[in-house]
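Peer 1: Next come the chains, spelled out residue by residue.
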Amino acid sequence: MPGDATSRDPTRWVTAGVVVAGLAITGMLSAGAAAINDGNETRLLTQRAREAATVLTNSIATIRTPLISAADLAEATEAEPLALEAQLTALVTAGQRFVSASIWRLDGSSLRPLVVAGSPPDLATRPAEEVRAMLDRARSEPVLAVFDLTANDEPSLGYAVVSTQPDPTYVAYVERVLPPNRTAYVRDSVAFEGLDNAVYLGSRAEPSKLLTASTPDLPLTGRTRSETIPFGNSQLRLVVTAKAPMGGALAARLWWLLLLAGIAVTAALALLIDRVVRRRTEAVRLAAENRRLYAQQRDVAQTLQHSLLPRIDPVIGDLAFASLYQPASAEGVDIGGDWYDAVKVDDHRVIFAVGDVSGRGLEAATVMASVRLAIRAYASHGLEPATILSELSGVLDIERDGHFATVICGLVDTDRRQVTLASAGHPPALIVTPDGCTLARPIVGPPVGLERGAEYPSITIDFPKDSTIVAFTDGLFERRGETLATGLERVRVAGCDLDESRAPSLVIDHIRSRLGSDDTEDDTAMLGVGWT
Amino acid sequence: MDVGNDPVGFATVDASGGNGDDPKLVRIVGEVDISVVDDMRSTVFEALGDRGAPVVLDLSGVEFMDSSGISLLLEIGRHAGDVSVRDASTAAQLVIEATGLAGWLPQER
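Residue numbers (my numbering), protein chains in the order written: chain A, 1 to 532; chain B, 533 to 641.
Everything labelled a hint here was simulated from the structure, so no lab data went into it. Misleading hints may appear alongside valid ones.
Just so you have them, the derived chain A footprint on chain B, three or more residues with Cβ under 8 angstroms [what the hints assert, rightly or not]: (1) 563-569; (2) 572-586; (3) 594-604; (4) 628-634.
Okay, the calculated beta carbon distance ranges per label pair [unchecked claim]: (5) Leu271(A) with Gly613(B): 42 to 52 angstroms; (6) Ala634(B) with Arg285(A): 16 to 26 angstroms; (7) Arg311(A) with Gly613(B): 37 to 47 angstroms; (8) Gly613(B) with Val493(A): 34 to 44 angstroms; (9) Gly317(A) with Arg583(B): 44 to 54 angstroms; (10) Arg285(A) with Asp571(B): 27 to 37 angstroms; (11) Ala287(A) with Asp571(B): 17 to 27 angstroms; (12) Gly613(B) with Asp466(A): 46 to 56 angstroms; (13) Arg311(A) with Pro638(B): 35 to 45 angstroms; (14) Ala287(A) with Asp619(B): 39 to 49 angstroms; (15) Arg583(B) with Asp462(A): 42 to 52 angstroms; (16) Arg441(A) with Asp571(B): 25 to 35 angstroms; (17) Pro314(A) with Gly613(B): 45 to 55 angstroms; (18) Val493(A) with Asp571(B): 29 to 39 angstroms.
Glycine included, every Cβ here is placed at the ideal spot set by N, Cα and C.
This is chain A alone, in the form it adopts within the complex (with noise of 0.2 angstroms):
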């Protein structure tokens, strides 16, 4: 069907339309949700590398200071070792960090600790250029000289300080090991709550050079911030990332419960349109559809209408014939059952009848060729009009049919040169003469089909050479708002203001111009007979 191209193919692009923008809107806000996510937990985290890295750098202080209070002991009793041995023995005692406490003489004059606690230090067991550059490192580092031990078979940290008085002749050194695996070690502070850390020797996070970490997930993956710490002569390398994220669950997991409701929404979205798009094309393409087959029935109940309506000959041995249908020119309106018919009888006598069924539509059409048909029976017959029409009531029953018809009924004898006429219930035919124009007024029966047996009078009139009778149904004077006499009175004068000649045919398009309106809501039907 060429309809479905074009009634389909919108549908598809309105819903594909909605479906494109709901996803876009639904990604860009996903896409707005997640960026601004993302900026959250990266400033967070940045704010959280910095409180961790200070918390780091003072505790710095907390290695230095029981250091420098056994650098002044060694200064101010001249390494007296019964009066270091206690303070050297509380940084080694169980729960302290250190493993080896030691003094040591500055100015290198012996390359051996002065006094020791706890296990003998790595330090001593290293070249005397090692333990060189230790001194000097301890002289020319204010703070906290650190030594690198991790390559030791048990990874360790070296820390040397010298005392603050000028001049110092000794220095203190601890070492400490670093704990299996690196991971024991976790930092007790809310700075580091909700964090993995890892913190390197250096500036570099090399992990041969890893000091303690929270994890042994290594390197730290995902989302990282990283810190670089003065740690003596040395620097330490934090890094850290969120456990869990920091901004919240929901705001990590916003941006896609955004972006499943976004496409939940777009999909129900879509899926309405296209039935809303679905039905009003269907209900355009139906109502196009109806348009179409009323046209298409109206067209065929026309054309079988007036394959209904005979073709009248124009001329019957002396007398000549014209017919008129027109149809209602009212959209909505059926077809109706108006017709017009001619029959010789014999040489001299022809019957004719216009009609018109009662209702509209294929039914009374049908029922219209049925009365038309009988009455071409009774014609041939040779049956007088008014006998006709009393006879048609065997053929038209309103109880059974629901129809009934109006019939005006002529005969026209040539010889006699007169026209009888009986009607049942129909308007009067016009008579054209050239002496003027006058309606023919039988005494009116009840239309056809009413009642079996009613008795019809017939008028005679005298139908003299150069005249015209007209009969017509009620479509062409009907018009509302004014009554029967004024609308037959306009037929007369239509008729009558004929100059020369008065041939059926004339008559016919003459009255038709002067009454056929555009907008009858009737069928008019006209049937003219004159001479030759």
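Mind docking chain B on chain A? Use the hints.
Peer 2: Showing chain B alone in chain A's frame:
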């Protein structure tokens, strides 16, 4: 009961009668043609109900009537079985006479 959107013609049915032998009164008013006759038909037959109850037609308000109006009167007559005309305007009377229905639609006695 006023029915029919078109104000030019409408029908009313007074159903107060019709319980026993009292006829129902059908009043037809205005211009009666094919454009209003369908509305009138449904109004009237809805109000009349069962077949066979006698009907009196009041046609005093008819200003114009065409063949479709005549058709309606005949349908009402068929439905009622016994129909009479109480009062017909000139327009209605002329149409009834012109269509040979005077015998079918008698004046009320």
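Peer 1: Hint by hint, which ones does the structure fall short of?
Peer 2: Checked against the structure, the hints that fail are numbers 2, 5, 6, while the rest are satisfied.
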